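Q: Full structure from sequences and hints, please.
Protein sequence lines, in the order shown, are assigned to chains A, B, C, D and E. Position 167, counted from 1, in the first sequence is what the working numbering calls 167; the numbers after and before it change by one each time, with no gaps. Position 67, counted from 1, in the second sequence is what the working numbering calls 67; the numbers after and before it change by one each time, with no gaps. Position 185, counted from 1, in the third sequence is what the working numbering calls 185; the numbers after and before it change by one each time, with no gaps. Position 141, counted from 1, in the fourth sequence is what the working numbering calls 141; the numbers after and before it change by one each time, with no gaps. Position 135, counted from 1, in the fifth sequence is what the working numbering calls 135; the numbers after and before it change by one each time, with no gaps.
Simulated from the structure, these hints should not be mistaken for lab results. The reader is advised that the hints may include incorrect statements.
[Unchecked claim] Once the Cα atoms are required to be at most 25 Å apart in a straight line, the calculated BS3-like pairs of lysine-lysine come out as:
1) A:Lys-110 <-> A:Lys-129
2) C:Lys-226 <-> D:Lys-32
3) B:Lys-226 <-> E:Lys-28
4) A:Lys-129 <-> A:Lys-247
5) E:Lys-66 <-> E:Lys-222
6) A:Lys-215 <-> A:Lys-30
Values in this document were obtained by computation on a predicted structure and should not be read as measured data.
Here are the chains, one letter per residue:
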Amino acid sequence: SAAEKFIIVASTTSTKNSGLFDHILPLFEKKTGIQVRVVAVGTGQAIRMAQNGDADVLFVHHRPSEETFVAEGFGVKRFDVMVNDFVVVGPDDDPAHIAGMTDAAKALEKIALARAPFVSRGDDSGTHKKELALWRAAGVDVVQASGSWYRETGSGMGATLNTASAMQGYALADRGTWLSFRNRAGMRVLVEGDRRLFNPYGVILVNPERHPYVKADLGREFIAWLISPEGQAAIGTFRINGEVLFKPNAMAVTH
Amino acid sequence: MTDFGSALGAALSLVVRLDPDLAEIVLLSLQVSVGAVFLATLIGMPLGAAVALFRFPGRTAIVVMLNALMGLPPVVVGLIVYLILSRAGPLGVLGLLFTPAAMIIAQVVLVTPIIAALTRQVVEDLWTEYEEQLRSLGAGPGRALTALLWDGRFTLLTAVLAGFGRASAEVGAVMIVGGNIDHVTRVMTTAIALEVSKGDLALALGLGIILIVLSTGINGAAFVLKEAAQRRHAG
Amino acid sequence: MTDFGSALGAALSLVVRLDPDLAEIVLLSLQVSVGAVFLATLIGMPLGAAVALFRFPGRTAIVVMLNALMGLPPVVVGLIVYLILSRAGPLGVLGLLFTPAAMIIAQVVLVTPIIAALTRQVVEDLWTEYEEQLRSLGAGPGRALTALLWDGRFTLLTAVLAGFGRASAEVGAVMIVGGNIDHVTRVMTTAIALEVSKGDLALALGLGIILIVLSTGINGAAFVLKEAAQRRHAG
Amino acid sequence: MTAPSTLPVSTSILPLEFYRVSFEAGGKRLIKDLSCIFAAGPSTIILGPNGAGKSLLLRLCHGLLKPSAGQIIWHGAEGRDPSAHQAMVFQRPVMLRRSVAANVDYALALRGVPRRQRRDMVAESLTETGLSRLARHPARVLSFGEQQRLALARAWALMPQVLFLDEPTANLDPAATHTVERVITAIHAAGTQVIMTTHDLGQARRLADEILFLHRGRLLEKGPADAFFAGPRNDLARAFLRGELLWRRPRDDTSDQAEKTENG
Amino acid sequence: MTAPSTLPVSTSILPLEFYRVSFEAGGKRLIKDLSCIFAAGPSTIILGPNGAGKSLLLRLCHGLLKPSAGQIIWHGAEGRDPSAHQAMVFQRPVMLRRSVAANVDYALALRGVPRRQRRDMVAESLTETGLSRLARHPARVLSFGEQQRLALARAWALMPQVLFLDEPTANLDPAATHTVERVITAIHAAGTQVIMTTHDLGQARRLADEILFLHRGRLLEKGPADAFFAGPRNDLARAFLRGELLWRRPRDDTSDQAEKTENG
Ligand SMILES: Nc1ncnc2c1ncn2[C@@H]1O[C@H](COP(=O)(O)OP(=O)(O)OP(=O)(O)O)[C@@H](O)[C@H]1O
Ligand SMILES: Nc1ncnc2c1ncn2[C@@H]1O[C@H](COP(=O)(O)OP(=O)(O)OP(=O)(O)O)[C@@H](O)[C@H]1O
Ligand SMILES: [Mg+2]
Ligand SMILES: [Mg+2]
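A: Spelled out as structure tokens, the structure:
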């Protein structure tokens with residue numbers, strides 16, 4: 001019966017892998033009887049799925065793409081949900097000596113100077129785009145270095161972290177994935193706190209006028225719950241090892 | 001090597017406490033793979049046998065195509081099935097995307113060429129022995145087809161098992177068309193991929209061990225049934 | 001269906017302008033798959049034939065295992081090879097992780113059981129015809145092995161092609177041990193997976209088409225060579 | 001053993017004409033420019049040394065091989081499919097991987113005999129070839145003599161107008177050979193055309209009305225059996241009858257005697 | 001054709017003793033409690049109707065089948081591997097998918113004959129079986145008679161101490177049969193032990209020193225050929241010789257005559 005009443009949410013692996021959904025969705029389902037089926041894929045793929053009308057709700061973290069999505073009429077409206085941040089992780093011995101720095105761009109510059117291995121997602125995801133912006137800010141041309149110390153893995157956050165840990169290389173990761181990641185093998189957070197590492201998540205209902213199959217009512221109910229005090233509280237109480245992963249911000253930011 | 005130890009531990013603990021999530025995932029995996037192989041056998045065997053037996057223009061091209069399609073990339077198949085089943089696609093109205101049915105469809109596309117190509121080879125080899133006798137008895141390629149599939153059944157089992165191997169191991173296609181949705185379309189391979197991306201390599205390996213044990217069990221059962229049948233129909 | 005159209009367009013434009021990245025990726029794909037299949041044939045064929053010909057305790061278990069291992073999940077194989085080759089693993093000193101060599105190793109592990117299991121079936125079927133004659137001539141299973149592999153070579157080609165299909169289509173294992181690193185370990189299938197996750201489905205499909213065309217070409221070449229050889233050694 | 005009691009009432013598909021038929025395989029001409037007519041009536045036996053092309057000739061007749069030159073015409077076919085009225089016992093018959101009875105049953109089913117009638121026909125043909133007690137056995141484990149009997153049972157059960165037999169008694173024991181010869185005589189008398197090969201010259205004398213002598217793919221002699229056995233016109237045929245068509249001369253040469261004679 | 005000029009000088013692996021040997025397959029006893037001794041000297045021919053177990057017996061002798069009860073002992077082996085001193089021509093010889101010459105060459109290579117000597121031996125054995133002109137042909141396309149000759153060539157080239165022949169002339173033309181018989185006599189005279197089966201009673205008379213008569217897996221008679229052909233003691237053997245061991249009585253019954261006699 002629950003199978004009758006469900007929505008499909010296109011989201012990113014970083015959100016799903018953190019375990020956030022496992023924490024909040026049962027609360028929502030219990031309350032409304034609506035089952036939420038999360039399909040976690042790359043940001044681009046998630047947006048593409050939503051454009052095709054294969055999802056009812058889009059839940060990703062790349063603001064420019066999200067705004068384009070709404071502007072082109074694929075989505076109804078974007079709502080802020082929560083933020084977390086990116087961190088630069090790297091091997092314990094930190095060959096580029098960036099530990100404790102708070103300027104992410106400077107840190108990357110030092111990595112480039114040290115020609116220490118840096119593992120990039122290289123998959124056009126929100127995280128990847130953020131990383132490229134930081135390199136630009138640092139004035140480093142990573143295209144030149146691709147294949148040498150700069151390694152583009154072309155894969156998801158988890159796979160990239162697996163690669164980084166095996167290579168003992170640096171990487172930019174979202175804190176959620178990092179905290180829930182198990183294969184850290186001698187890696188730790190080296191740089192955090194830069195305001196440029198801010199990572200906002202948005203949620204959008206797929207436009208039912210465009211795709212009549214979209215379960216607009218159920219989708220709206222889900223979005224409403226997410227940004228309601230109850231949903232926000234649920235997000236805020238999700239912790240790993242006592243650490244808060246996502247800061248709810250639906251009420252903080254005004255439109 | 002601690003990983004391998006903890007993988008075994010993870011596998012054992014999952015099995016010993018009869019983890020209900022695991023049971024659900026295993027069951028769905030079996031449903032999808034067995035269903036897909038069943039349908040692929042139904043399509044691929046007659047198809048492969050027909051290509052072996054009938055002579056028609058373009059036959060060579062079809063033989064080469066069948067062999068080549070054994071190497072259909074799962075991700076591409078997943079993508080194509082996705083585009084067809086997508087709401088924006090031609091069969092979107094069926095609403096099959098992100099359901100086990102979609103996963104079965106994708107795997108049928110993947111496995112059918114394998115079973116067909118291997119069947120073609122087996123039947124073609126048998127045909128060199130049987131052709132004149134069967135034609136003399138009045139069996140054209142059509143009638144010969146069933147006779148040869150029957151006479152080659154013990155050899156053809158290996159073709160089916162090769163198809164089953166592909167289906168049960170495959171992750172790229174079912175991931176795209178199933179979406180690896182918890183409790184809905186999560187199967188063993190997508191669960192393993194998820195654990196890898198979470199960095200929980202021991203759990204991933206543990207699930208892998210369970211999957212391999214499962215498929216060994218199925219292969220063992222197939223072998224025992226075959227041996228029994230073969231003993232009855234000796235020769 | 002616009003996606004399919006633009007996929008064809010993407011494929012054509014990549015090929016027509018001889019995209020150097022594409023050329024690099026295609027070359028590496030071929031090197032890895034062909035290398036892996038070559039090695040897997042070298043190991044798997046004698047292995048499969050030996051299992052078919054020798055009688056020893058536990059043989060049944062090995063036959064079942066070989067069949068089951070046709071369904072080795074690529075992700076699991078990738079993971080195991082990753083753990084063995086990683087810095088912390090037993091062969092970490094070799095520094096092979098994230099190199100084409102690692103990808104070949106992973107694919108050899110994947111493909112060897114396929115070739116071995118299919119070879120076993122082919123050789124076992126031949127053995128029922130040849131056994132008494134060869135034993136009478138004084139060939140034990142060891143000497144018979146080479147004779148049967150030779151006499152079954154045209155049939156065995158299909159087994160090798162099945163292995164090639166698996167290798168060239170596979171993404172899970174090479175992704176993990178190769179890392180899909182641009183200009184280093186990116187092959188066709190990992191590139192396709194990347195484009196999918198980027199949402200560039202047309203490009204992904206275009207690459208898929210190129211991959212299928214490539215493997216069709218290789219299969220076609222194999223077929224032509226086989227036919228020529230078969231015509232020479234008729235019967 | 002008796003001949004099948006009912007033969008098809010339709011008119012014969014014979015005569016069968018070979019018009020300048022050649023057959024090539026493996027880059028060699030194996031049947032060379034062969035013309036002849038197999039008319040309804042006389043039972044025909046094809047003689048010739050090993051490798052002469054006897055089996056190829058039967059397979060050409062039966063439509064299993066297509067000539068690379070020339071024509072093969074069933075003059076009596078009149079639009080009917082001639083192959084539906086023929087049966088053949090191969091030199092090495094192939095058994096299907098099913099029981100002895102099922103092998104015969106399958107052949108009958110292919111000819112469209114209804115299931116009800118098949119049971120009795122199968123039982124009868126097995127009894128007539130002494131295979132009753134092996135009816136439920138897998139056909140592939142039979143001794144080769146038993147397999148040859150089964151092939152005969154299978155072919156007879158079809159009650160063909162034309163029956164091709166390729167050395168049908170080569171592996172049979174003396175009594176079986178004797179019985180098979182009796183059956184051949186009987187079914188021929190009842191109207192089935194028999195075209196066969198044998199290396200048993202005694203058998204050829206007993207059964208043949210007409211002899212074809214083949215050598216290296218060439219038809220060297222064709223005529224009534226009596227005349228042939230009394231004294232063939234062809235040298236090679238004469239040597240063959242005397243058992244002297246040796247594969248080589250005692251010592252010192254490379255090609256064989258027959259080759260010399262043929263080319264001379 | 002002449003016998004191989006040099007035979008192994010080593011002492012014979014014979015005599016071969018069967019002690020209460022039974023063989024079962026497919027749930028049936030196919031060889032039943034058979035005891036006998038094959039001594040060096042007389043050439044032995046095994047007679048019996050189709051399915052009697054002649055081929056099974058040869059394969060038991062040759063070590064290809066293991067008895068399910070009883071023992072088979074090569075008394076002269078003295079620690080040597082008896083199988084290295086035997087060869088067999090099968091009722092349906094299997095040809096390797098290589099040329100005619102390579103088939104013989106392979107057999108010699110398996111016995112460890114050095115490559116230099118093999119060439120001549122291959123050429124000689126092909127000449128002796130009339131296959132020289134087919135030497136480079138793929139063996140699998142040969143006519144069945146030619147295949148049987150090739151099997152003979154392959155076995156003779158090995159110069160075994162004991163040669164098993166399973167209906168070796170069944171598909172041979174009269175002249176070839178004649179030649180093969182001469183060769184068998186010659187190699188037997190030169191010291192090779194011949195144990196063979198045949199359905200050609202004339203051939204048996206010509207070649208046999210000793211006869212074994214087998215029926216339904218039982219050894220019913222064993223003795224000198226002269227005595228056997230003059231008048232066998234066993235009823236079934238007598239019926240067999242007269243060509244009367246029919247597979248069924250004219251009408252009305254289910255089991256065959258032989259069965260009755262055997263059980264009676
Ligand atoms: N694997 C088997 N299972 C069951 N029955 C078998 C098997 N092998 C042989 N037989 C039976 O054993 C009997 C003896 O077979 P064999 O081949 O020795 O006969 P044979 O005397 O050589 O006959 P032929 O004269 O026809 O060559 C046959 O009736 C055959 O059906
Ligand atoms: N596909 C082929 N390619 C080459 N040669 C072939 C092929 N098929 C048959 N031959 C040759 O054709 C010749 C005639 O073969 P066929 O089987 O008709 O002989 P046959 O007269 O029946 O001899 P036998 O008495 O031995 O049965 C043989 O020398 C054989 O080697
Ligand atoms: Mg012939
Ligand atoms: Mg026999």
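Q: Each hint needs a verdict: does it hold in this structure or not?
A: Results of checking the hints against the structure:
1. A:Lys-110 <-> A:Lys-129: 20 Å, holds
2. C:Lys-226 <-> D:Lys-32: 31 Å, violated
3. B:Lys-226 <-> E:Lys-28: The hint holds at about 22 Å.
4. A:Lys-129 <-> A:Lys-247: At roughly 22 Å apart (the allowed maximum being 25 Å), Lys-247 (chain A) and Lys-129 (chain A) satisfy the hint.
5. E:Lys-66 <-> E:Lys-222: 23 Å, holds
6. A:Lys-215 <-> A:Lys-30: 19 Å, holds
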